[in-house]
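Just so you know, the protein sequences line up as chains A and B, in that order. All the letters of the first sequence, read from the start, carry residue numbers 1 to 299 under the working numbering. All the letters of the second sequence, read from the start, carry residue numbers 1 to 299 under the working numbering.
Think of the hints as simulated: they come from the structure by calculation, not from any bench. Just so you know, these numbers come straight off a predicted model, no measurement behind them. Don't take each hint at face value.
Since the list gives no way to pick out one identical chain from another, each pair is judged satisfied if it fits inside one copy or across any two copies.
Claimed, not checked - Heads up, simulated BS3-like pairs for lysine-lysine below, C-alpha to C-alpha not over 30 Å straight-line: (1) Lys97 - Lys137; (2) Lys170 - Lys73; (3) Lys137 - Lys73; (4) Lys285 - Lys97; (5) Lys73 - Lys97; (6) Lys170 - Lys97; (7) Lys285 - Lys137; (8) Lys137 - Lys170; (9) Lys285 - Lys170; (10) Lys285 - Lys73.
Number of protein chains: 2
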Amino acid sequence: MRPVALVAAGLALAGCTPVEMRRVSVPPAQALRAEPPQLRGMQYLYGSGEGAAISRQTWNAVIDHVASRLAGKDRSGVVLADDATLAAPRFVSCAGKPPAAVFDVDETVLLNLGAEADDLARGANSFDEARWDRFEKTGGASTVAAPGAAEALARLRAMGLTVIFNSNRKAANAAESRAAIEAAGLGPAVHGETLFLSGDDATGSRKDMRRARIAARFCVMALGGDQLGDFSDLFRSVGSVTARRVATGSPPVDRLWGRGWFVLPNPVYGPALAGGIDDIFPADKRWRDPADSNRKEPN
Amino acid sequence: MRPVALVAAGLALAGCTPVEMRRVSVPPAQALRAEPPQLRGMQYLYGSGEGAAISRQTWNAVIDHVASRLAGKDRSGVVLADDATLAAPRFVSCAGKPPAAVFDVDETVLLNLGAEADDLARGANSFDEARWDRFEKTGGASTVAAPGAAEALARLRAMGLTVIFNSNRKAANAAESRAAIEAAGLGPAVHGETLFLSGDDATGSRKDMRRARIAARFCVMALGGDQLGDFSDLFRSVGSVTARRVATGSPPVDRLWGRGWFVLPNPVYGPALAGGIDDIFPADKRWRDPADSNRKEPN
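Okay, chain A solo, but in the shape it has when bound:
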């Protein structure tokens, strides 16, 4: 195994002294700087042309999907009904309801640059609920619209849809979150009308009850988010990392992606980031470099 390389990007993190090195009393000049584990995901999501292009691609797909459905007088909704399963999805009826689209907020329509830069600068490696609460309250000016989101939401509204946000930010911080959303050019977002939050009901971070409340009044033509919970809480009961991945690809759910259910990329945080090497890589898909004659087999 080779030494962890000195990482130029890690060196760029001003004020970031690796504590694990200080612990063992290595002189600073010799200390290896480990790359922060969230750096590459942040480079991709917040810094790269590719990440921005995927975001724009997704928002363009939302616009084109809704325009195509409206043109074809197709009024099918995409919120699962109470008795639906992933194997047998049934959707809440759209009959007689005005059209809407429902989106998550964080890392969907809004990029939380302030909170993420803060995490990277501190070397934070786990979710700090109290700090995040302070960010909800005071961080609005350090957020921006996700690439393509503001233009897309404006287009949806121009097409006659009501844009509704379904977020796990706290109901107690509704005013500050509304201000952040509107300052980023994504609003309006009115709590209880076009903004639904954690604490609105007794189900915590689960979003199905909020979705049901929205779908009782609106024909939801598009759902968007960065996590599977933005589409259905049914994904929560899928057990292993592998089973969760299989669930997104099993018919008929596999056909919904990009056709009513729209996923924004987030390799920085959330339930997508789980599993060790044996969860991520099937045992029958390992490769042994023929040049490694003395290496042990992986399993």
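Given the coordinates of chain A, work out where chain B should sit on it, guided by the hints.
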């Protein structure tokens, strides 16, 4: 700054002894295990439901885009002409040419599970060209089709398109790459006809000349890849991390994503993963936690 936490996922990496700890003679039992820097990107791309859903969403969008263009008799191509710029894109004419779609191979239609699990297990942190060459030659059985790719390519062929691969794998390994592509259910891929590789011309890893060669014969209705070079080499001459991101979002290029140019997610390797904190996060989008009364300003 808090200590780097012991990471459960890191512990799952059998045989992974952190060399930077051994160097400073810390007893193994006390050694902190740093999380491998590429772990989270791999969890997202190869392991998660969200990553799989984005892949499927992209492939569904390719199908729907091509079907819609064919239905509308829209025969506009999406390969930039020689004299195009990003600010003034012009496309190679489609007149009289049969329809085609052109895709990158690695982390676009094919996931290289074998090579990536090997990188993670070894703690590799930079590209090893010789090892990758051996992977091209011997790793085919440890690859799988990206979620949704095989079905999408089959649909495109059924719609009358020729599917063509434009990859930076080596021309010298054409036979092995063809076998890998075809074994994953993505073929046919015939070198010089439907498979173009690095070494086919004198421009190395640049793909414009190969695209021009393909577009001279075919009406290319869709381009797909995980890196900006899969769409145009013009992105190579864009300087900074920030400028590269801006380039993807500037009109009229911003409208192409999901409408002829299709991006697959890759937070694991490639030019998207660049930049330090100041490149990723604009200076005016930092947040200071009001609870950090003694903390220095980031800049």
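To see whether the hints hold, each was checked on the structure:
In this assembly of identical chains, the alpha carbons of Lys97 and Lys137 never lie at most 30 Å apart, being 34 Å within a copy and 58 Å across copies at closest. In this assembly of identical chains, Lys170 and Lys73 lie within 30 Å of each other by CA distance neither inside one copy nor across copies; the values are 37 Å within and 49 Å between. Neither within a single protomer nor between protomers do Lys137 and Lys73 lie at most 30 Å apart by alpha-carbon distance, with minima of 42 Å and 52 Å respectively. When the C-alpha separation of Lys285 and Lys97 is checked against a cutoff of 30 Å, the pair qualifies neither within a copy, at 49 Å, nor between copies, at 40 Å.
With identical chains, the CA atoms of Lys73 and Lys97 are at most 30 Å apart within one copy only, with a shortest distance of 13 Å there and 34 Å across copies. Taking the shortest Cα distances, Lys170 and Lys97 sit within 30 Å of each other inside one copy (28 Å), while across copies they are farther apart (56 Å). In the homo-oligomer, the alpha carbons of Lys285 and Lys137 lie at most 30 Å apart only across protomers (15 Å), although the nearest pairing inside one protomer, at 46 Å, exceeds that limit. For the homomeric pair Lys137 and Lys170, the shortest alpha-carbon distance inside one copy (10 Å) is at most 30 Å, but the shortest distance between copies (53 Å) is not.
In this assembly of identical chains, Lys285 and Lys170 lie within 30 Å of each other by CA distance solely across copies; the values are 22 Å between and 42 Å within a copy. Proximity of Lys285 and Lys73 under a CA criterion of 30 Å is satisfied in neither setting, with 46 Å inside one chain copy and 42 Å between copies.
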